[in-house]
Structure formats: structure tokens, C-alpha cells
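Peer 1: Okay, here's what each chain looks like letter by letter:
4 protein chains.
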Amino acid sequence: MPESSVTSFRFFLPLEPRYGDIDPQRHVNNVAYFRWFEEARVRYLRHLGLWDGRDFDRIGVIVAEAGCSFKSPIGWDEQVEIGVATKHIGRKSLHLVYAVRQVAGGEVRAEGRTILVGYDYDKNHSVPVPEHWRTTIAAFEGWPAGGPPT
Amino acid sequence: MPESSVTSFRFFLPLEPRYGDIDPQRHVNNVAYFRWFEEARVRYLRHLGLWDGRDFDRIGVIVAEAGCSFKSPIGWDEQVEIGVATKHIGRKSLHLVYAVRQVAGGEVRAEGRTILVGYDYDKNHSVPVPEHWRTTIAAFEGWPAGGPPT
Amino acid sequence: MPESSVTSFRFFLPLEPRYGDIDPQRHVNNVAYFRWFEEARVRYLRHLGLWDGRDFDRIGVIVAEAGCSFKSPIGWDEQVEIGVATKHIGRKSLHLVYAVRQVAGGEVRAEGRTILVGYDYDKNHSVPVPEHWRTTIAAFEGWPAGGPPT
Amino acid sequence: MPESSVTSFRFFLPLEPRYGDIDPQRHVNNVAYFRWFEEARVRYLRHLGLWDGRDFDRIGVIVAEAGCSFKSPIGWDEQVEIGVATKHIGRKSLHLVYAVRQVAGGEVRAEGRTILVGYDYDKNHSVPVPEHWRTTIAAFEGWPAGGPPT
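Chains as they are written, first to last, in this note's numbering: chain A, 1 to 150; chain B, 1001 to 1150; chain C, 2001 to 2150; chain D, 3001 to 3150.
Source of the hints: derived by calculation from the structure; they are not laboratory data.
Don't take every hint at face value.
Cβ pair distances, simulated, as ranges [stated by the list, open to error]:
no., chain 1, residue 1, chain 2, residue 2, range
1, C, T2136, A, P14, 45 to 55 Å
2, C, G2049, D, Q3079, 34 to 44 Å
3, C, D2122, B, Q1025, 17 to 27 Å
4, A, P14, D, P3149, 32 to 42 Å
5, B, H1125, C, D2077, 26 to 36 Å
6, A, V103, D, V3108, 24 to 34 Å
7, C, K2092, D, S3126, 36 to 46 Å
Keeping only pairs whose Cα atoms sit at most 25 Å apart, straight-line, the calculated SDA-like set for lysine to any residue is [to be verified]:
no., chain 1, residue 1, chain 2, residue 2
8, D, K3071, C, R2026
9, C, K2123, A, W51
10, B, K1123, C, R2026
Which chain A residues stay away from chain D? Per the calculated CB distances, all over 12 Å, these [said to hold, decoys possible]:
no., residue
11, W76
12, Q102
13, E141
Glycine is no exception: its CB is placed at the ideal position from the N, C-alpha and C atoms.
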């Protein structure tokens, strides 16, 4: 899964760490970053009109892979924002990347990635990525006709 | 980070999903797997005598990378176990792998990996992996004198 | 909501605190106790055959009130068990009480209580407690014919 | 613990439910409200200058009691705000109340309460509420000289 530079994100979710995100080492726990990626991802899908934010059986994707590189710790009193971008769409898969950026200063604290697979929650099996997802994402991300720049 | 076969694990944590691990799609949420990996990891370190389970400033490592491949969903009423093994020790880093295995049947539902870095929580900077960690882990994992089998 | 003595519990869920339950003060966070009560409650309902552990729209109740009295802190390396008992059944409500008890020594660390209301998740409104819930709970709790002892 | 009317709150924390707050019944899980109360409480203490948001061993209080009355369910796509107010200060205790209010419309969805006890985390025992906490809270809440209105 490709990493990404922060400058390429067109969607950011502002986020304040919760007290419950802090662990006994007094910084944001590693697991919380995946919670944040999830939040940023579903808000990205809703922002693009691909999910209505209400019908959880129509969210259309399931997580097949997730990863995160942690750069430096985050404290409870820091404000961050989560960048989300789609980097690749396969026949059944979407490759998303994330960055956790400190609002004051812009420092990147972590970079994440997930592979989502098209999923039908009524039938419990994977499905191809719908054509209107491809065109919507390509338009939002500003991809040229041939797909994302490599 | 290398994947691993379940047969190579010498440490397993039995685990029952919590109701709070279940998401609106009614299976274990992707974030919960990282919570489970964390639990299995600290119990592995305590089992090996590398951490006492009490002094959180002496846990000695910080998470630098985490990843998971999700194979098939897990329900609330399933019993699973989390395998943990160390696959490589660098000068400052430990590479651990994980498997989430269904107890009934043995099916692997997910495979995970983390890179941990030696860390001094008093001074807030990375440190080399202590020598007694190397010998303890090598002995537990049954590595030959030259290190883990490749 | 009435408190309860530990001796009156007929159902206990053994439970090991998770690393993720520990907060920056290095003991189990107050919110985690409510997560534990939830877990103990649904396992109690399943144990009594009132829920199958799979169909979340058939769980039959919604939480109307929840409370907890915290007696003394719990560390990550302690083993506890959660007692659950029904203390009263109204026309639409069930009053449950909980105790968090240290396994070694039996000390009660916290006492909880919830009021559940019968709920139809298809129609999204409250419903009376079904008659077979009353008889099943009364039998399990060993109530005399006239209801729970006061 | 006294309930409270929303109009009496002088501190509100705006809050968007997280996807991770949603449970298999597709509304905000009952446990998440206590997580929200915690968040609102520590931000209230920081807002009043009673905690610096960084030194977790100097937070000065421990939770002795917590409770919540749930009025009606909350969906993921709703914006809420959490009101916090102090209603009473004893020699060693602070009684706080909370309201979860829908931003659009102002409907109160839940009401909470906690009793906090002054606590010294170095010595692990309870302590009296400091005098400057009393004067700071009384001034912020607009109490007359004799204490909170009854």
C-alpha cells in the first residue's frame, strides 16, 4: 500500500483526542488511531455522498487490511486533523491512505492505510466496487481520465 | 513485516469478544483486533518476565508500526485465541506477529504484525533492546544461536 | 434502585481487565465498569436462554438507567468477577444489580445497577416485559411465588 | 444527587458521536455516554483552570459515583452538546450534573451525575476539596456567598 504526502489530501476531519484515547503512558494509545481512521473514513464516504450516515447495512465496504506508522506521540490537549484520500481502486477494492496531522504546526504524527472491499451485508459476500463510486471518487480526488496519478 | 503460520506460536491468549467489540454491522469491529493484539502483547511480555504488569513506565517499548489482515468476520458468541510470536529483533526494534484463531475449528480469522521500539518513558526517547530481552525471547521462541530461522 | 449483597448473586462472569481498560491514572477507568456490566448483563440473558447471542434486534431490552458506586481502584493484573442479579420486574422494566468482586479475597470493588425497559427494535418503542422472561428469571433467581423477597 | 435543568448550564462541550460509539442496535451505546461525561468533565476542569490538561497525576479527583438516565436514542449523524455544572461541594466531594442535548432542537437525550472525591494520586488516598476549587467553581457557577441555590 502506497504512503502519501499530506499535501495531496482533499478531505480533513478535525478531531480532538478524547480522555478515553489516552493510555497509561499518558499519550494517545496506538489503537485509538485506528478508531480515528474509521471515523475519518466514514465521514469521507458520507461527504462524497456514497453513504447516508444512517443505514449501516448499506455502507457498502468491509475492511480487509489496516496499517499505521506512528511517528511521534500525541497528547490529550493537542488538536489534530485526519486527512483521507483514495489512492487506488481495483475491481473489488479501494485503497485509502490517512495522515494524522497536528493542527498547530502541521507536523505529521502518523500515517495510515486501509484496503476496503466492496461488501453486501445482506448476502454476506464481497461485491465489485460500484461504477458510481469510481466516478464520484475520481472526480473528488481530481484524477485524470486514466485513473490516479502513479 | 513477515506473516506467520499459526503452528509456530508458542503463546496464546484465550479471549471472548466483548459486546463492546461489536459494531453496527454486528461483527467484531476492525479496531477491536488491535485492542486484542495489545492485550496479547502485554500478556506475552509479562509471561516472559519482561514486564511486571504494574509499572507502566517500565513497559520498555513503544509501538512504531501496526497492521492487520482481516480474513473473515467474527461474531460475539465465538471463542477465539490470539497467538503472539517474536519474528525478529533489531538493534532497537522487535517485530511481533499475531494470529486470531477460532478455538472451535482452528480457523485463522486475522493476522497481525507490530514493530515495537525500545523506549525510555522517563526520558521520552528510543533505546536499544536490552540484552536480557534478546536472550529471554530467543529462549522462549526456541531460536537457534544465530537468531530466528528465516 | 436497591443495592445488593454479593452473597445473593447466582450468576458471575469472570473477567480480566484489558490494557485498554486502564486510564492515565493507571487503574481501571470508571467507564470500563459500565462496559463490564453490559458484558455481564448480556451473558446473563444468554445464560437464562432469553437471548440467543446472535440476533441483536431480538435482545428485547434497552437501558433506561445505569449507575455505579466505585469502592476502590482495580489494577490491570487483578482478576475480578461480575455478579449479576435481577431484583425487581415491573410491567415494562427490569431492575438489575451488579457487583465487581476481586477473585482473590472476594473484596467488592464496585456495585452497579441498571433499569432495562422492554423494547421492540423493529418498531422502536417500549413494550411490556414478556411473561416467559418473568417466569424464567423468577425460577433462576429462586423467587417465591409472590415475587422477589423485599 | 439532584437532577438539573438544561438552562442552568454555563459550560457546554460540542460533540459528534464517533462511529465507535455506535452499537449493534445502531444507536449510541449506553457506555459511550459515560465516556462523553468524562470528556466534558475534564474539559470543564481545564476551562476553569483547575487542571492543566497534561499532568494526569495532578487531576485532583477520583470518581466515586456515576449515573445516567437515558431519555431517547442518539444516532451517529446527530450533533450533540454536553452540559456540565457543579451542584454541590462537600468537604471531600464534588457533585456534578450533565445533560446530553441535541444541538438541532435542543432536546435533552440523557441526564447524568457523578460524585467526585478529592484524591492525591501520589499517596493514593482521598483529600479535602482545595479551597481555591471552591472559590473558582462558586464564581464560575455564579453561586451566592452562601453556596449553590437549593
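Peer 1: CA of K1123(B) to CA of R2026(C), is that 25 Å or under?
Peer 2: Given that 25 Å is the threshold and the Cα spacing comes to 19 Å, the pair holds.
Peer 1: Between G2049(C) and Q3079(D), is the Cβ distance one that fits in 34 to 44 Å?
Peer 2: 40 Å Cβ-Cβ, so the 34 to 44 Å window holds.
Peer 1: Return holds or violated for the Cβ distance of D2122(C) and Q1025(B) against the range 17 to 27 Å.
Peer 2: Distance hint for D2122(C), Q1025(B) holds at roughly 18 Å.
Peer 1: Does K2123(C) pair with W51(A) here, judged by a C-alpha cut-off of 25 Å?
Peer 2: Distance ~23 Å between K2123(C) and W51(A) Cα, so the pair holds.
Peer 1: When you take the CB atoms of K2092(C) and S3126(D), is the distance between them in 36 to 46 Å?
Peer 2: holds (39 Å)
Peer 1: Regarding H1125(B) and D2077(C), is the given constraint of 26 to 36 Å on their beta-carbon distance met?
Peer 2: holds (27 Å)
Peer 1: If you draw a straight line from the CA of K3071(D) to the CA of R2026(C), is it 25 Å or shorter?
Peer 2: Since the Cα atoms of K3071(D) and R2026(C) sit roughly 33 Å apart, the hinted pair is violated (cutoff 25 Å).
Peer 1: Quick check on a hinted range of 24 to 34 Å for V103(A) and V3108(D), using CB atoms only.
Peer 2: Given about 32 Å between the Cβ atoms, the range holds.
Peer 1: Does W76(A) clear chain D by more than 12 Å, comparing its Cβ with all Cβ atoms of that chain?
Peer 2: At about 6 Å from chain D, W76(A) fails to clear the 12 Å cut-off, so the statement is violated.
Peer 1: Return holds or violated for the Cβ distance of P14(A) and P3149(D) against the range 32 to 42 Å.
Peer 2: holds (38 Å)
Peer 1: Is the Cβ of Q102(A) farther than 12 Å from every Cβ of chain D?
Peer 2: holds (15 Å)
Peer 1: Return holds or violated for the Cβ distance of T2136(C) and P14(A) against the range 45 to 55 Å.
Peer 2: The hint (45 to 55 Å, Cβ to Cβ) holds, given that T2136(C) and P14(A) are roughly 49 Å apart.
Comparing the model with each numbered hint stated earlier shows that hints 8, 11 do not hold.
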